[in-house]
Each structure stands twice: as C-alpha cells, then as structure tokens.
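Chains as they are written, first to last, in the working numbering: chain A, 686 to 1204; chain B, 686 to 1204.
In short, the hints are calculated from the structure, not lab data. Please note that the accuracy of each hint is not assured.
Derived DSS-like pairs: lysine-lysine, alpha-carbon spacing no greater than 30 angstroms straight-line [what the hints assert, rightly or not]:
(1) A:K1158 with B:K844
(2) A:K927 with B:K1053
(3) A:K844 with B:K1003
(4) B:K1202 with A:K1053
(5) B:K1202 with A:K764
2 protein chains.
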Amino acid sequence: ISNEDHRIYLRLPPSPAEPKGKRPPVLVDGVTLNGPTLDIREAESFLRDAMPIIMEEAVRKATDVKEKVCEWRSPEQLKEVLDLELRDGGEANPKILQRCRDAIRYSVKTGHPRFFNQLYAGLDPYSLVGRFITEALNPSLYTYEVAPVFILTEEAVLKKMIEIIGWTEGGDGLFSPGGSVSNMYAVNVARYQRCPNVKELGLSAMPRLVMFTSEECHYSVAKAAAFLGIGTKNVYVIRSDKRGKMIPAEFEKQVQRAKDEGALPFMVNATAGTTILGAFDPLEEIADICERHSLWMHVDACWGGAALMSNQHRHLLKGIHRADSVAWNPHKMLLAGLQCCAFMVRGQTDILQRCHSANASYLFQQDKFYDISYDTGDKSIQCSRKPDAFKFWLMWKALGTKGLEERVDRALAMARYLAEEIKKREGFRLVMEPEYANVCFWYIPPSLRSTPEGPEFWKRVHVAPVVKERMMKKGSMLVGYQPHGDKVNFFRQIIISPQVSREDMDFLLDEINTLGKDL
Amino acid sequence: ISNEDHRIYLRLPPSPAEPKGKRPPVLVDGVTLNGPTLDIREAESFLRDAMPIIMEEAVRKATDVKEKVCEWRSPEQLKEVLDLELRDGGEANPKILQRCRDAIRYSVKTGHPRFFNQLYAGLDPYSLVGRFITEALNPSLYTYEVAPVFILTEEAVLKKMIEIIGWTEGGDGLFSPGGSVSNMYAVNVARYQRCPNVKELGLSAMPRLVMFTSEECHYSVAKAAAFLGIGTKNVYVIRSDKRGKMIPAEFEKQVQRAKDEGALPFMVNATAGTTILGAFDPLEEIADICERHSLWMHVDACWGGAALMSNQHRHLLKGIHRADSVAWNPHKMLLAGLQCCAFMVRGQTDILQRCHSANASYLFQQDKFYDISYDTGDKSIQCSRKPDAFKFWLMWKALGTKGLEERVDRALAMARYLAEEIKKREGFRLVMEPEYANVCFWYIPPSLRSTPEGPEFWKRVHVAPVVKERMMKKGSMLVGYQPHGDKVNFFRQIIISPQVSREDMDFLLDEINTLGKDL
C-alpha cells in the first residue's frame, strides 16, 4: 500500500491548467510525491472481500436465535487468540480478514434475540444502513459547509422529538455522545441560566450550588456533578418510594434544607425510566415544586423517552412538557444504534449557544456566503461530532411514527407477558410489577423452595452470579443482575428488540431453571 | 415489518424444555406476541440492496478525484430535495434507498483527495471495515462481559501509544468522543490530583483555580474551563511567538501573576500542533516550569501527535514524555476515522478510576467470575461508549507502525512541496514556513499585485471568502480560511490523505487562481 506506484500517476488525467504528458517525479525529504500512494481500487477490493464476512458473521449469524449470544473466553485466553500486539510490519489482507472474523466471533452479539443485558438490544436494518453511510462519508457535524445533509437531518429529528415531548413553544437541542453527556449538558445549562457569569468566573466565585435527584437515578448524575465542579455532596439525594419513584414531599424537604443551609438550589434531575426498576418519577408534581422554587427541571428520559412514541404508554411521562430540558436516547428502545442521544431545551432560546460557544474564528467564520445559523457546532462542547441523528431519521422514514409506536407497544406487552409467566412459575418471584420494559425477578432454586423467608433464605437466594457465569460460558443468553438497596442480587430482564418473541421469554425462564436448579 | 408473521414462528425450532408443535398465539394489551416481528431475512435483503449503493456512491465515487468534492445546495434548496419531515406512515424500501442516494449525493466527500478543509481527511479501507464491524455488532465499551474484544483492543492500542509517547513508567488511558472531551478529562484529572476533595465538595469549597494555555490553543480549552466550572477568565492566556509557539518566559510570568493574586495555579495545556498554524509549543521548557511550580502538564497533541510515529519528525514533540497527560486523535492525520481520540495519563496510576468512578452496582458488579479490572467503563465520564480503538487497531495491524510512519512522512513532505511552490508562484504568499501539515498562505489577485503593501493592500487581500464560495459552488475542492490575530483571511491548506498527490497541490494553486483572478 505504501509503495510508490507510478502507473497510478500515469492513469490520472493531467489537470487542465498544466502541460500534457508525463511529469518527472518530485522528491522531497526522501519521499516521492507523484501520484497517490493509496490505490483506491485496491481499497475497494478489500472492502468487497470484507463485506460478505460482516454480513454473514456480524449480521446474519449474530441475529440468529439458533447461534450463541457469546463465545466466552477469559481475558488471558482471548489475548492469545487475538494476537493484539502492534508491530512495525503490516499484515496481508487475508490475515486481516481472518482478524475480522475472529473479532466478530469473540464479540458479544448485542443484536441477538437473546441479548437482554443492557438498555439497548436488537438490530434495525435501516439504522444500520444509515450508520454504514455515515461511517463511509466520515462527516463531522459542526458546520453546514461540511455536513449539510447531517445538519438538516439533525434539525428535523430534533424538531419532531420536541413536538412529541409536547413543547408547543418549540425548543432547541443537539445530539451528544451518550445520555451521561446529555445530563451534563443539563447541569451546565441549568446553572448558566441561574448564574450567567459562571461561564467566565467559575464556581469559586458563586455560592454553593445544590442540585437534586432521586436515589434511583442513573449514576451519570453523580458523574456530572463531579465533572462540572459542583461536587457529589452537593447532589442532594431524594428518597424514592417502593416502586422507585421520587417522593415529591421529600424533594421539597431537600430544597428547603439547601435553602436553610444558605446554598443555592438550581436544578432537579427527574428520571423517566430508571435504570434498574424502570420507574418513572412523578413529573407533574416535580414541576409544581420547581415552579415554586424557581428550579430548572431536567428529565432524564434516556431510557423511558421511547414511551412518548406510544399513545398507550405516554402517560408514564405525564408532565414532561413542563420540563426545561430533556435527555432521550433513541439508541435504547428505539433501536437507532449506539450512539443516538438527544439533549433538548424548551422554548425559543439560544441558551445552548450562549452557554457553550467559544466562537472559534477558523471554523465559525462570520463572513460566509450562506446563513450561518446552520453552523450549529458551537452549541456543543465537542468540536468534531458524529452525525448520530441521521440513522434515526432514516429508520424513522422507513418505519413511520406508527412503526416506532408498534415496537414500543410490543416490547411493553412482552414485559407484561413475562411478568405474568414469572408469577405463574414455581421458583421465580417478581421484585415488583413492571411498568416499563424492566422485569426484575429472583430465581429461587429448588433447594430453597421450602426454606422460610428469613435472612438465611435471602442470603441463599443470591444465586444470580453463578447462573450468569453459566449462561455466559454456554452462550445461550445474556441477562443482567444486581443487588439493589436492601435487596439481594436479582435478574433484570430488559425487553426491546422486535426480533424477540414470547418463545424467547419462555426460554429465558426455562434456561435459568436449567442453569440454576442444582444451586 | 410490523406485521405478525406466524410462518416465522413456525420455522423456529421449539425450545428443548417445551412441548413440540405449534403453540397458540398470545395476545397481551392488544399485541400478538408469538414470533418475531422483525424478519431478519428481509432486513438482510435490504442491507444487500443498500451496500452496492454505499460502495459505489460513498466509497468509490466519493474518493475519485474526477468527481466533485461537494454538490452545493443552500439549506432551503436542500430541505426541499431531502423531504425531511417525519410522518406517521413508513416508506417502502425503494424509496428509502433513493433517500440513501440523495443523502450521499449532497454530502461533502471528506474522503475525496481534494478535501483539505479540516484536520482530518481521506479514507482508509481497514479502518472503514473496522467501523462497519463495530456498527454491525453495536457494542458498548463498559464491561469485559459485553465487549471483550473491544476492551482488549483498546488496551493494546493505548499500551502502544503510551510506549510511543515515551512513558517508560507506563500509563493509563481511554478513548473519548473527541479531542475536546479529552482536554476536559485533562482538566478534571489535573484538578483532582491537586485537590482530591473537589470531586465531593466541588469548586465552591476550593480556592480559585487557574490554568494556563497559549493564545494559539484549540478553543476546546476555553470550553473545558467553562464546562468544568473553572471559568474562562481563570484560563490565563500566554502569548505565543511569531511562529505560534508558547513563550515559556510568558508562561512563568502568568504563573507568578496567579500566585500573586492568591489563586491556585494547577495545570498548563501545551499544544503540539496548533489548529491554524500547526505550531508546536516548546515542551521541554514548559515541563521545566511545571516542575518548578508543581503544575500538571497536559499536552494537546490531538493534531500533532501523529508526528510521534515518524523518526524524522518526532523531534517536534521533544519533551512529551515529561507530560502528565496527553490527548492524541488518530482520526486526524492517521486516518482512523471519526472519532478516534485517546486521552492518556502517565505512570502506574489509578487516577482515572478514582477521579471519575461512580461504582454503579448494576453494571460494575463486584461478584463477577472474571477479573473485573477489565471492566474499564468507570474510568469514563460516559456510560455507553463506542469502541473507537478497534478500527485503529485493525488499520495498524494492516499497515504496521512503518506504514503509519510513511503516511506521516509523506504528508509532511507534501506540505513542504506546497510551501516551495507557493514561494515560486506569483500571486501567492506564505504566512510562514510550515513545520507541520498546515500550509497557510494568501492569494493576491492580479489587480492587487502592483499595489504597495499598506493598509489598503491588506484590506483588499481579504478575498478568501469569495474564492471559497466559488469553489464550493463548483465543487472542485474544499480548503479552509480564517483571519488570525492581526492577519486578514488566509487559506489554511491541510495535507493528510495518502491519496493526495503533488498533482493535487499544483491543482490547488491553479484552481485558486482560476477562481480568484478577477477579484
């Protein structure tokens, strides 16, 4: 690849302004500069060889319920198989193709119908095509000049999401690399709105700022407080009820406590769809409290936002139209593919621009010939930014809003079905009735089924790690578990993919029993 | 796609634990749950139809020097062509394929040999295959459990980059969504090292922290200071010399100023490869000052880090082994594809973990059966994170360190050639001799060539915006421009892609003259 190839130079048409015919090679610093050193036809031929492997191994087999979800190897074993070391010399294409096969083989198949481990799953072909397009085009989303299609598709998607949230007054937004970053945006915008000179003067010149969130919130809220200089101890944690929902009265108590301490309360993070239990904070009551105390109301709907697409389920987020900002990840239940994370603020506002801009003259020139309001990059904390909205736009075009709604309805019906099955089956116990796609349950092995429910029982119910180890080594499925508050390890089954059927739900329970019945 | 397809259910093998034969459909909340609703073979067939379009339009034509770099449309025109609105109903596959063609057609071809507009360019086939693989597999990089291959390839790439930086004592790191975010990591780690209780207590409990950077630094340093609560006014800006390099004596003066004010200086951001001029700050002298004043030394080598791959050019970063942290983006000159951005800290240290961790119990369980030191996600401020190192690893395997070195040497030789051509040609003037891949120059239209160089001359040299408009509308190439300090708009030519030849350099100068000679 790196050899000079003068034949390539000779094939190039001479540029019109120059004399015809061969030109002598030019040597600078020991490098010959005539002609390209990357033969694009060789590159295409490698791509042509690689694509069938990707299609067969990373798409077809990776989504086939008859194949394994994962091919477990320990880190030590896998290091040996992959031969990770980077050396001076390069490797020939057949070797590289084998590396592609290996990388796919030992990767977890997150698009497999029995991958239930995270808050994302499945494979949507439209989104995937959108992703292949943007990877091939390799755009960065800062100016209209270099990313016109992706600037406009981001705008269109945000406009529709804002409409669905119910912000009749409009809104602004951008896609960010993850819900955690979206939540950070919320903290930054909220404190800027309260203390506009924080951007210049910093927090050391401000009173102590305090923010609020429930004990069930995502851990990114603590990370945001640490990263943005607020401090984790200035995140006042509000108790949740048994179902995992923030208790509004407790919220107001904490606001009062902050005020009594002489601190400046500035925002609350309400969660719509908590990570473990899938609980929705009561947004209307939280909005009332925010109004009373002039607090910024942010809703982390990264996981639960999908319910807004469903007429049947959007009541879960009743009151979200009163939020000042919303984070919502279409890469989760809507299958837009990692990453696809919208952060949005309510109203006709330029706060994103004011709060984040640095006005770089080399990128955001003011003397361009087109409307520079389309150069949206300075709203962002990033410089180069991936066009994450495009794949979602393409999928949305293909499925329509109705198609997305049907997917959400089906996933939630499936969760309901699984909960009912769990209640019917011996050896399984629901942690609570699901209201979203998280179904949390314990498996009680036969050896324990006659034990009375005392501390000894609960200590021995802690079998999930062993069952998980066995399922990973077998590769039959992947489902998460965790302890939670005073509850010992339970499984958290997440249902998303439209490729999942009720048969997979039955399989899940059978398989856990198969793997754990001797424990 | 959303229709129930019972044939699919019948094709599924019954799960072993269940009775053979058909099972009756199950209806929950109005949704039939038997069988998947996404037919993966239909999905594959759509992918098979889309791939040739991507290969022809977004790869072959998009990298063909005879094709246009861009197909300019104003935002209003493009909105009409793209039909952006998202509707209730979905669209059939042929329509979606047409949308793919349109999206590609009106996108800027950043892989085209005549795309010189940003600090990235070109297309590497190995990296692209790596990206297609990770998009298809859709992994998230937090735990070994769900991303074993990508955890290990990230580790291997970081290890090698750390070795190349020259940190013989080792180091730690992670890939982040952009150099701007990497610089934010640097600020957070530096202040945590100085004030470990900032994580909990926040900046309002700290003395005023002050950081330093040169006037030529990337704008992300200001964004980091604002976002992390430091405040942009607490970034003390150090004067640079005529070549764009930080003046060490000025740095030390600013440190003294901060101390005299009673503030707490904690870090400097040195730039290795500035955005506009491609200048390298004097790292050895900066390191000496950091030692004297116990400051964290961060090197933003996002752009210039590639020179470390070259024996001929790595002297530009002499002293980088003394840095406490380094940001380096292989998606720039090394063509790893957006985004690929490493942030690294020196030494055997767990500071990334301590500084950023939130210890989420649902993700980073402590009772797993494998070595959980491979669950690296809690080092990050993100939760879901793309496996950006893999594509770089695959490309590195294919080209070898030598192949990467040759690319860097060639790009810099090409920049040297262009600078010499500019000096030879009437109507072009170098802003300064390049020491990296940024070649900055003015175009002097014929009408001005006899004007004496006074204020009137420089006012009229401001022709770059018009030339740029014309080149975009013609689609012949893309090159950036900007004003800078007291200098009026000049072109900034960036040379990266191995597909670029000396003929393209000649074309660049001819074309600017063609487009601007009447001005």
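TODO: Hints the structure violates: just list their numbers, smallest first.
DONE: Violated: hints 3 and 5.
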